[in-house]
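Participant: Listed below, chain by chain, are the residues.
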Amino acid sequence: MAVVTLRNITKRYDGGAEAAVRDVSLDVGHGEFMVLLGPSGCGKSTALRMIAGLESISAGTLAIDGVRMNGVPAKDRDIAMVFQSYALYPHMNVRDNMAFGLRRRGLPRGEIDQAVSETAALLGLSPYLSRKPHALSGGQRQRVALGRAIVRKPKVFLFDEPLSNLDAALRVSMRAELIKLHQRLSATMIYVTHDQVEAMTMGTRICIMQAGGIVQTGAPLDIYRHPVNTFVAAFLGNPPMNLLPARLDRGQGSTLSVTMGDAQLALPPNLGNILLPHAGRDVIFGLRPEEICESSGAPPGAASLRTRVVAVEPLGAETLLVLAAAGCTSEIVARVSRDSMARAGETIDVHLNLAAMQLFDPQTTEVIPIQQEH
Amino acid sequence: MNVSAEALYVEPTLRSARRPLAGHIARSLLLILLAGYTAFSAGPFLWLASMSLRTTSEISANHYALPSILHWEKFPAAWFGSSYGTYFLNSLEVVVAAVIVLTLIGAMAAFAFARYRFRMNRVLYFVIFSTIIFPPQITIISLFQVLVDYGLFNSLVGLTLVYIAFQLPLTVYILESFFARVPQDLFDAARMDGYSDGAIFWRVMLPIGLPAIATTVILNFILLWNEFLYAVVLIADDAKRTLPLGIQKFMGDQLEDIGMISTGMMISVIPVVILYVFFSEKLIQGMTAGAVK
Chain A
53 MAVVTLRNIT
63 KRYDGGAEAA
73 VRDVSLDVGH
83 GEFMVLLGPS
93 GCGKSTALRM
103 IAGLESISAG
113 TLAIDGVRMN
123 GVPAKDRDIA
133 MVFQSYALYP
143 HMNVRDNMAF
153 GLRRRGLPRG
163 EIDQAVSETA
173 ALLGLSPYLS
183 RKPHALSGGQ
193 RQRVALGRAI
203 VRKPKVFLFD
213 EPLSNLDAAL
223 RVSMRAELIK
233 LHQRLSATMI
243 YVTHDQVEAM
253 TMGTRICIMQ
263 AGGIVQTGAP
273 LDIYRHPVNT
283 FVAAFLGNPP
293 MNLLPARLDR
303 GQGSTLSVTM
313 GDAQLALPPN
323 LGNILLPHAG
333 RDVIFGLRPE
343 EICESSGAPP
353 GAASLRTRVV
363 AVEPLGAETL
373 LVLAAAGCTS
383 EIVARVSRDS
393 MARAGETIDV
403 HLNLAAMQLF
413 DPQTTEVIPI
423 QQEH
Chain B
79 MNVSAEALYV
89 EPTLRSARRP
99 LAGHIARSLL
109 LILLAGYTAF
119 SAGPFLWLAS
129 MSLRTTSEIS
139 ANHYALPSIL
149 HWEKFPAAWF
159 GSSYGTYFLN
169 SLEVVVAAVI
179 VLTLIGAMAA
189 FAFARYRFRM
199 NRVLYFVIFS
209 TIIFPPQITI
219 ISLFQVLVDY
229 GLFNSLVGLT
239 LVYIAFQLPL
249 TVYILESFFA
259 RVPQDLFDAA
269 RMDGYSDGAI
279 FWRVMLPIGL
289 PAIATTVILN
299 FILLWNEFLY
309 AVVLIADDAK
319 RTLPLGIQKF
329 MGDQLEDIGM
339 ISTGMMISVI
349 PVVILYVFFS
359 EKLIQGMTAG
369 AVK
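Here the protein sequences come in this chain order: A and B.
Using our numbering, read the first sequence as starting at 53 and increasing by one per residue.
Using our numbering, read the second sequence as starting at 79 and increasing by one per residue.
Treat the hints as calculated values from the structure; they're not laboratory data.
Take these hints with a grain of salt, some might be off.
[Unchecked claim] Calculated lysine to any residue pairs in the SDA-like style (CA-CA distance at most 20 angstroms, straight line):
(1) A:K205 to B:L284
(2) A:K207 to B:L284
(3) A:K127 to B:A277
(4) A:K205 to B:F356
(5) A:K127 to B:S208
(6) A:K207 to B:R269
(7) A:K184 to B:Y194
(8) A:K232 to A:V361
(9) A:K184 to B:L264
(10) A:K127 to B:D263
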């Protein structure tokens, strides 16, 4: 286990106008499973490669257990990495692939063999030790790549989108295996992915990156419930959060309502009081699909919105409704019960749980704080 | 739900399978064509092999007949009596040394060009590769003078160095394009496993690059084994002649002895055939590697 500290890490390539990684500061604690999440090109893999020592650091400091690592070769950092493409040596069998790194250290052969056997048993690879990578399935290759990292007993494990090349079913099972492995080894792990499902299910903390910088860091559910801007709000969650242009309008007394298209939704009194200073302001109204339900099951006095059903997507365990509200430029997605009888073209009323809404500034896209209990 | 590509693949059905007679005719025509081409390609070689075991008088009596008596004694006669043994060993010495050095230096250079970013990378690569455009006739006179100046004229060492120099661009070109296709992750993994760049070259790149290296070994061996122009200009002594020069000299002295000429040619062809038999599988792999992921 180890603590990994990044302070103002920047990576600039020769001839590049923009930095690939800008001023990134991050602390990964002992035994933590930190997930670097973001879209392609956001700099997460570059950041990981700088931690690994495969890319030089243009500015800033990297430390592992308080020891500065800038300029230290990859082989001296006591880090193991699992690559997206597995990176197995095609001319070696599984045993040799796993032993390759240990042989470099000059360990006795018996010790190497024992370490390889134990790790192979842990990962269910014992029957395949004599096979070469081309004779293994995708999942088996990924486990060999994992075994090659584990057998070295490193301080830190790095994963660069290791599940991207697997099919959906295998990805689910490998995710569970990685979670179990983390619990068993209690190792510090830094995991890069663009898949928000992997991030939500595996990470103790998620670090969301965009355009080379960190946008938000925190526990998965914290980020899910309290995104700092529209990018995070839309990136996490499947389907993503509904983001609609709206306006906060003042009603009689101190009541406040949200105007979206032709609809005006009255805010609960507690929210109205908090948001009163923002009356008259244009906002982006955010609400997750699971906070929208059909009005037949809604509590009395709930905010109701009349919509037209554009499409119905039955997923088996639930149903997604794509809705259009009068005057709204964007469609609304609602996650409703699997027993929904809604049909495309129908007009239905849906209930919006305004207690779970998020409001964002249209110019800065940052969240407008709403102090409330969920 | 994702479905793998294999599950989506459907075996194509040949139209000819639905019309058996047309299929038979098509296959028969194809066989005739292939048989004709095989006869065209292999025929001269088989004829040469046949003549190498017949005497000149037998060949004169019937050019194309198969040997009635196998005159194996012609081979030791050519080897010892006509100095073919000496020419063969000279060729072997020069070509094997050149191919070994070409493979090592060419592979290292190709590895550096393919995997490292440095300031003059593409310029140096272009300079080396551009020398291919110069035919030997342009460089031969200058080379002659250079070898004389350095005391390497009429020496097997000088000839070996010349062979290395003019085959290096092609070797680097073939290997560089192969090495460039090897995924970067393999190198990164080896670096993280603690291996230096040199160790990565020997323990990772060379084994992976074996198909491409086999290709260059075969090509270089065949080209250099049959090379005539540089050898005839740069070698003067009979004792230092390579096989192509030996055959040419033998033809000059014994123009009518077709039987011995054939035997001598067979001696020169056999090593190339043996090399191809051992390396051909790797050659095919080298040519098709990367065609299918």
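Participant: All the hints need checking, so say for each whether the structure fits it.
Facilitator: Evaluation of the provided hints:
1. A:K205 to B:L284: Cα-Cα ~29 angstroms, so violated.
2. A:K207 to B:L284: violated, 31 angstroms
3. A:K127 to B:A277: holds, 13 angstroms
4. A:K205 to B:F356: violated, 43 angstroms
5. A:K127 to B:S208: violated, 38 angstroms
6. A:K207 to B:R269: holds, 17 angstroms
7. A:K184 to B:Y194: Violated - the C-alpha atoms of B:Y194 and A:K184 are around 28 angstroms apart, more than 20 angstroms.
8. A:K232 to A:V361: violated, 42 angstroms
9. A:K184 to B:L264: Holds, because 15 angstroms separates the two Cα atoms, which is no more than 20 angstroms.
10. A:K127 to B:D263: holds, 15 angstroms
Hint compliance for this structure: hints 1, 2, 4, 5, 7, 8 are not met, and every other hint is.
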